[in-house]
Amino acid sequence: MQRQLTDEDRAFQQEMRQFFTETVPEELRSGLSKDGEVDPDVMRRAQRLLNEHGLAVPHWPTEFGGKDWTELQRHIWRTEMQAADVPPPLAFNANMIGPVIASFGSQEQKERFLPPTANLDIWWCQGFSEPDAGSDLASLRTTAVREGDEYIVNGQKTWTTLGQFADWIFCLVRTDPNAPKKQMGISMLLIEMNSPGVTLRPIKLIDGGHEVNEVFFENVRVPADQLVGEENKGWDYAKFLLGNERVGVAPVGSIKRKLADAKAYAAQTKTATGTMLDDPLLAARIAELEAEVMALEVTVMRVAGNSKEGRPDPVSSILKLRGSELQQEVLELITDIAGPASLHWTPTDDIEEWAARSTPTYLNFRKASIYGGSNEVQRSVISGGILGLKG
Amino acid sequence: MDFAYDDEQKALQSAVREMANRLVPQETSGDVPVGPRPLDRDAWTAIAEMGLLGLPISEDAGGMGASPVEVSIAAAELGAARLELPYADAMAAAVMIARGEGGDDLLESIVDGSSVVLTALAEPGRAWDPEHPEATATKSDDGWTITGHKLGNNDLTEADAVVTTAQCPDEGCTCVFLVREPKASGASVSFESAEAIRLGDLDLLTEGLNVGIIALGGEALGAMGAALRSTVEYLKTRKQFGVPLAAFQTLTQRAADMYVSVELARSTVNFASMAITDHPGDSATASRLKLITGRTGRHVGQEAIQLHGGIGMTAEYSVGHHTTRLTQIEHTFGDSRYHLARLTAGVREHDMVDVLA
Ligand SMILES: Cc1cc2nc3c(=O)[nH]c(=O)nc-3n(C[C@H](O)[C@H](O)[C@H](O)COP(=O)(O)OP(=O)(O)OC[C@H]3O[C@@H](n4cnc5c(N)ncnc54)[C@H](O)[C@@H]3O)c2cc1C
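Protein chains in written order, with full-length UniProt numbering: chain U, 1 to 391; chain R, 1 to 357.
Worth double-checking, as some hints may not be accurate.
Think about it this way: if two alpha-carbon atoms lie no more than 25 Å apart in a straight line, the pair counts; the simulated BS3-like pairs of lysine-lysine are [to be verified]:
#1 R:Lys10 to U:Lys181
#2 U:Lys110 to U:Lys233
#3 U:Lys204 to R:Lys239
#4 U:Lys181 to U:Lys110
#5 U:Lys182 to R:Lys239
Think of the hints as simulated: they come from the structure by calculation, not from any bench. Note that the coordinates shown come from a computational prediction; the quantities given were computed from them, not determined experimentally.
One chain only, chain U, in its complex shape:
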């Protein structure tokens, strides 16, 4: 065991911190969002700047822009980026489809897709979930029928995050309805969003924002060379992708950033005798959260150190579970600090931006324990996969 960073890692941390706080301009760092919604232009500019400096896709193979970093270095990179409020590279590109294409795609696909994916010249979205296939993803029904050198796709996807900005969608489709197990008849297709027959319908969430969509496919013709890997092997690629999705999903850097922000907000909210930060009940909640976040952060490092050749440790379910819970608790704390101001969602001279955003943001992040494998699913992974408790 060794607690301290080596001199080399410390220098690396310093380098990352400097880049994210000094080279990345303030206007890209002041948050992902405009009025709480993602600003695609800020996302593109931020990712391109990172990519230009070789910092967008460090976990990819080196020939496509990856860095041969250790897990600890990746953790430092990610945490420093989040702590500086730099928009992280689009997860659908950097953590999901990129690594899948790099591992299972044809050489042509790698050359065609990986550079624009790293540079966010292609904006990807994820077409997995369907109305009747959520946690039970393998029961998906969207079909792809091979006709010559094309697939004809019909069906519906839902919850497609940021689909309104996407150029391409990576989809799970059913190619063999008669497979002995439903997992065995699924393939992964790459589909251009502007293909004839693709339509998108926005879904409004409870914070009033629009980030998810339904996507409909009606006789959409997809060139067969846009199949990833082999036909009917899509489930394996999806499992690989979801495993990657889970690693690094504990946004420790942003949780710490938010918790520090919460303290600053409490210190500027006056009471009859001082500020909210002087209130022992509030201070106790912050102190508890700081201890819990520390426990999570050191677990992230312990797990990161353990994982071998990019294969996720099942313990990474802890990170998804606790990361989403703590993220939600910190956002809840901020609504409580805003107090009466949290009732009003529009900032004014009297209501600061952070206070006006507090309730919609808190509500929006109830999603964190639902998507990317719900917390119930993570508990099943832990009880079944680690503890050997089936059922």
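We have chain U already, so just place chain R with the ligand on it with the hints.
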């Protein structure tokens, strides 16, 4: 102690339920706005016509002469139906006017819905603490004037008058005031030597807020009950892995915990509405109610969304609206932390909590 509603209370309950369901589209519909909204005047008139705005006001002042118990019964139906109106806020203001001195001429129009009077008790940049405001009041031969910035719980642009607090440095106390024609911009209102009527002292504030808190408790109960009902229904019908979600014990046990929360909140709200009817100044009971409903509201709201999965997050589905409203209720008239602090300061003053006192 008897928690059963009498016939009149049951009649009130079903009448309000029927009306609220008529006023709110019950089908899942994307048209229902999310978040804070301006006052719906038509709905306001409808609840006034049913007498709900006069429930806690005595009959000789034009009201229904009912008690906080009836207020909570009515509010529960508004909450269940997602009829988001500033009902609790208006009841708090009405009680302060009715029991205070000087605003009597407004009562009739408050009860019939033609005047909207709301509270503006918070202050920008400050934690909830209406008993220690920064705003100041000055007395002259012509009466009182107030100077300061206030924040309401609602959009105040439609308010014909607001009830607020200000400190009176000359007399060394904080009092409750009525300000007519407040110049509001959204939820904020700023007073510069605004003419005000002094309604009373902080005991009046406590009595008004206690009724407001009872109304919030009722509304929270309605919202929690509805969220629980949809969750149970959803667990029975939504299928994943070839079986209804109700086949997963981890989910049904959590629904059971939600039920436990709702029922404990129900007892607390019902008990508190009776206790405050008997002792209008019982702020400890009001704080316990606020603490319990604040926590159970979070529990039930968060679980309702979680057990629904993605659909629970959407503006088209009801549980997200109930959770949004429960979050607002938690932050109205002091949150769980505020009320816990108030209770904490008083633990030395009693040996046991005596609910039969
Ligand atoms: C904001 C948001 C963004 C999303 N973005 C995307 C996206 O970009 N692309 C995409 O493909 N998908 C996306 N999703 C979909 C997400 O992955 C699903 O919502 C998730 O898999 C849950 O599925 P469901 O909503 O159908 O809920 P259900 O599967 O119906 O689950 C309902 C509840 O039951 C629980 N449950 C289900 N099965 C079990 C079980 N076997 N044991 C115990 N509990 C169980 C769940 O945990 C949940 O609490 C997004 C979802 C949200 C909310």
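The hints, checked one at a time:
This hinted pair does not check out: Lys10 of chain R and Lys181 of chain U have alpha carbons roughly 55 Å apart, beyond 25 Å. At most 25 Å may separate the alpha-carbon atoms for a hinted pair to count; Lys110 of chain U and Lys233 of chain U meet this at roughly 18 Å. Between Lys204 of chain U and Lys239 of chain R the CA atoms are separated by roughly 23 Å; this keeps the pair inside 25 Å, and the hint holds. A distance of roughly 30 Å separates the Cα atoms of Lys181 of chain U and Lys110 of chain U; the hinted pair therefore is violated under the 25 Å criterion.
For the proposed pair Lys182 of chain U and Lys239 of chain R, the alpha carbon gap of about 16 Å is at most 25 Å, so the pair holds.
Violated hints, listed in ascending order, are 1 and 4; each of the other numbered hints is respected by the structure.
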